[in-house]
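Model the full assembly from the supplied sequences, consistent with the hints where possible.
Chains as they are written, first to last, in this note's numbering: chain A, 61 to 537; chain B, 14 to 473.
If a hint is listed, it holds; no wrong ones were tucked in.
Now the stretches of chain B that chain A is said to cover, found in silico as 3 or more residues with beta-carbon under 8 Å:
| hint | stretch |
| --- | --- |
| 1 | 111 to 121 |
| 2 | 163 to 175 |
| 3 | 198 to 212 |
| 4 | 381 to 395 |
| 5 | 411 to 424 |
Bear in mind the hints are in silico, worked out from the structure with no lab data behind them. C-beta atoms are modelled at their ideal positions from N, C-alpha and C, and glycine is treated no differently.
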Amino acid sequence: MPASLLRELNSLLGSSNVLHKIEDLVLYEYDGSVEKARPDLVVFPHTTEDVSQIVKLAAKHNVPIVGRGSGTGLSGGALARGGGVMIVFARMNRILELDLENARAVVQPGVVNLDITRAVEHAGVYSAPDPSSQKSCTIGGNVAENAGGPHTLAYGVTVNHVTALELVLPDGEVVRVGSRHGDSPGYDLCGLFVGSEGTLALVTEITVKLTRKAEAVKTLLAIFDAVDDASRTVAEITARGITPAACEMVDGWTLCAIEDYIHAGFPRDSAAILLIEVEGLREAVEAQAAAVEDVCRAHHAREVRIAKDDRERDLLWKGRKNAFGALGRLAPCNYVLDGVIPRSKLPQALQQIQQIGKKYNFSIGNIFHAGDGNLHPIVLYDPRDPRQFENAIAASHEILSYCVELGGALTGEHGVGMEKNELMPLLFSDADFDLMRRVHDAFNPFSSLNPGKIFPLSKGCGEIRVRKQAEALPAKA
Amino acid sequence: MTATANLASRLESALGAHHVITAEPELREYAIDGMVPSAIVRPATAQEAAEVVRFAITEKLAIVATGSRSKLDLGMPPARYDLALDMNALHDIAHFDPGDLTLSVDAGMPLRQLAKALAEKGQFLPLAVPCYETSTAAGALASGIDSIMRKQYGTARDFLIGAEFVDGKGALCKSGGRVVKNVTGYDLHKLLIGSLGTLAVITRLNFRTFTLPQAQGGHLACFSNLGGAAAYRHAIENSGLPLSNLETLSPEMVSLTAAVLRETNSELAARLDPGKWCVLGSFEGNEAVVPRIARDLQKLAHEAGAAGSEILDAASDATLGGVLREAFDWLRWISPGVALFRIVSPQSNPRDLADFLCVAQESSLRAALLVRAAGIFYFVLLAESEAESSLRTLEITAARVFALADAGQGHATLLHAPLKLKSRMNLWGPNRADLGMMQRVKHSFDPQNIFAPGRFVGGI
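Have a look at this one:
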């Protein structure tokens with residue numbers, strides 16, 4: 061890392077906005093995934109102009125750049141795989157405009173997901189995408205990964221709620237795509253950039269749609285003595301065309317861990333629970349809740365509880381959303397997977413996951429968005445034991461390969477990042493990679509922005525390599 | 014002519030004679046704004062479509078992929094047009110998994126036929142676009158035209174989950190998949206929506222499907238002025254009532270719609286109050302929800318001072334909704350000189366709508382407004398002839414429409430206009446700052462610029 065770059069960044073941003081000491085940098089070498097990579101410098105811009113200038117300086121010195129929000133990501137998307145400058149958006153955290161009349165909020169990327177809802181809920185609206193980490197993850201990170209969450213079953217993922225973006229390209233150019241009211245003429249560039257995992261541009265401003273709160277909501281907790289019964293219930297809810305706002309499954313083993321930590325009122329002796337929420341007009345909610353309960357009972361639910369009030373509902377959701385934290389009490393590390401399968405294949409997928417767990421001698425918990433077939437098997441392991449780590453990776457690859465075999469995908473909401481890029485050839489052909497690479501190169505021609513993500517680095521896959529910067533970036537005069 | 018000389022024989026030897034048509038009368042059926050292709054090619058498989066594209070690359074030929082050809086006048090005529098790639102022979106349902114509510118269909122699948130197959134399993138695809146009776150899946154998608162169900166179900170970007178297509182290098186590619194939640198790789202399929210065939214030849218599309226509602230209903234309210242209609246809409250939006258469609262018709266639009274409706278249902282046509290602003294609300298749900306929404310709309314209409322309002326049965330709602338779904342189609346041919354705009358604007362400001370009507374009035378042009386949901390409205394200027402003086406008036410007025418839309422933080426697109434007018438105007442309004450980004454996308458998909466060159470935004 062050139063010393064002159066540090067000097068120039070200090071002079072641009074002030075030394076309080078630049079980290080360069082190893083003891084500071086180690087805090088940014090990990091995210092929520094099992095990967096690690098340390099940046100050479102960490103900077104905190106306050107404005108779009110700051111970001112543009114940082115990018116230009118990095119380009120001048122042939123140094124790669126990676127953007128980061130809160131670092132809660134689960135695929136290594138916000139790790140500096142090629143070293144270089146990490147741009148942390150924590151200090152670009154202002155809500156710039158609330159246009160309640162037109163149901164829009166314009167925000168900086170460092171705004172925490174839940175803070176948007178907090179700022180507008182007095183008007184009966186909210187921001188719908190609700191990742192489990194919504195108390196700490198940022199909207200910029202959500203945009204990069206096209207984040208989901210439990211309620212995306214009915215309301216869609218991040219891309220369905222973004223209408224415009226301000227971007228900084230790898231040469232420092234600032235551009236705007238989309239439009240506040242949506243439907244801007246031309247190609248759907250917002251649709252391309254949301255979920256591009258920070259490999260095409262850095263996002264510096266986001267216009268999000270706000271959603272009106274439903275008139276009525278019911279939250280059901282269905283308790284099962286067999287995992288199979290719970291998964292068959294989900295498949296039948298889908299097949300019957302009931303669309304809950306959320307349909308989450310937690311297996312019994314994970315439930316005990318959550319209950320010890322959160323005391324949400326989950327039964328400790330069940331094989332699985334379903335947390336199902338229905339929303340809408342009162343009349344629709346009554347009918348849907350009754351239909352859901354029918355399906356649960358037809359599949360031998362031991363008990364179906366309905367949350368009596370907001371407090372009980374909040375507690376159930378607290379249990380669900382803090383589950384990953386609860387599992388932290390059981391093992392030094394957990395590896396959260398994110399495979400997707402056709403929903404009708406849920407029973408066999410869960411059986412296979414247990415088989416794979418047995419094969420590698422792991423306890424694998426399951427807590428996931430069952431309604432849209434988005435699995436989150438959680439492998440608990442001890443990273444100090446290299447063999448365990450290797451096995452955790454091997455088990456995860458087997459599980460994800462099986463998801464693909466069932467007609468599914470590698471990731472439903474966490475992104476590919478540097479975690480699953482080598483598995484991409486399971487889904488994509490050389491021709492697919494070639495086109496994706498051309499689109500990548502159209503915006504990020506020297507792989508200076510978030511290198512080593514999404515595309516496989518191994519040979520024969522139309523790869524984009526983590527290029528040695530000297531040969532990847534153009535020589536500067 | 015040199016590029017196309019002996020084209021037929023070269024095509025036939027490369028692809029087989031039975032796929033290639035060069036007879037003049039048939040070529041004319043594929044004309045786009047008067048431009049006629051040199052040959053029509055009808056591939057039977059995605060691989061054959063890819064072969065045609067590779068042939069076109071070698072021969073430096075321009076391709077326009079076509080379906081039912083009902084909306085080819087959207088956008089500009091192509092700068093070059095050698096081959097019409099007729100995709101109608103790819104018309105199968107590749108996968109339909111009712112239990113997963115997912116679907117995979119070939120590009121040329123007719124939407125009407127698809128709806129029938131889905132309905133047998135109690136499902137549907139909310140892609141209710143104009144020219145519905147003939148439209149194909151890929152044609153509807155590539156046209157980017159609005160579905161009247163977008164208020165409840167969103168646009169195609171909300172339920173298209175994957176696609177297969179031939180890129181500009183002649184390779185069969187895919188993006189997305191057949192699961193309802195998926196962030197694996199770039200969402201390239203979203204770029205195909207509304208791209209007018211300028212990026213790739215779509216061969217297959219994957220969608221999530223939806224369950225047919227138990228019951229449907231409608232409600233019609235008439236107001237003596239725009240203010241009343243706007244206040245009513247505002248109250249509906251604030252009520253949170255989940256309507257599947259909400260359309261406001263200006264008095265002129267009421268007359269035009271009634272005239273179309275009279276051909277099939279004179280009783281319903283008579284219920285559209287001439288001279289009034291009419292608001293149609295459509296809704297669906299279970300047997301309890303539908304009457305509840307109808308009651309609430311009656312109440313809101315009354316509070317907003319409606320001159321008249323009534324609950325429509327499901328059949329009447331579907332008939333009226335069907336005529337409005339087709340408005341894009343019949344408005345194109347309703348007068349000798351038609352300029353039909355699609356305008357996106359903030360939903361909050363009814364004054365803007367009046368401004369558009371004023372512009373028409375100042376030019377002594379008949380004009381009609383159809384306000385759809387999600388901040389979209391259609392605005393049509395009607396000239397009585399295609400004479401140069403009429404065109405000149407249309408042109409000046411159209412320029413003011415673009416400026417008005419722009420000033421209101423929205424934007425206008427000219428969907429249909431006489432060819433002479435199209436050639437003088439930028440159909441998408443002033444070029445936007447992101448044009449360069451779009452050109453990068455186009456170049457990465459289609460480096461040789463063989464797909465529908467010049468049809469799209471900024472001459473792409």
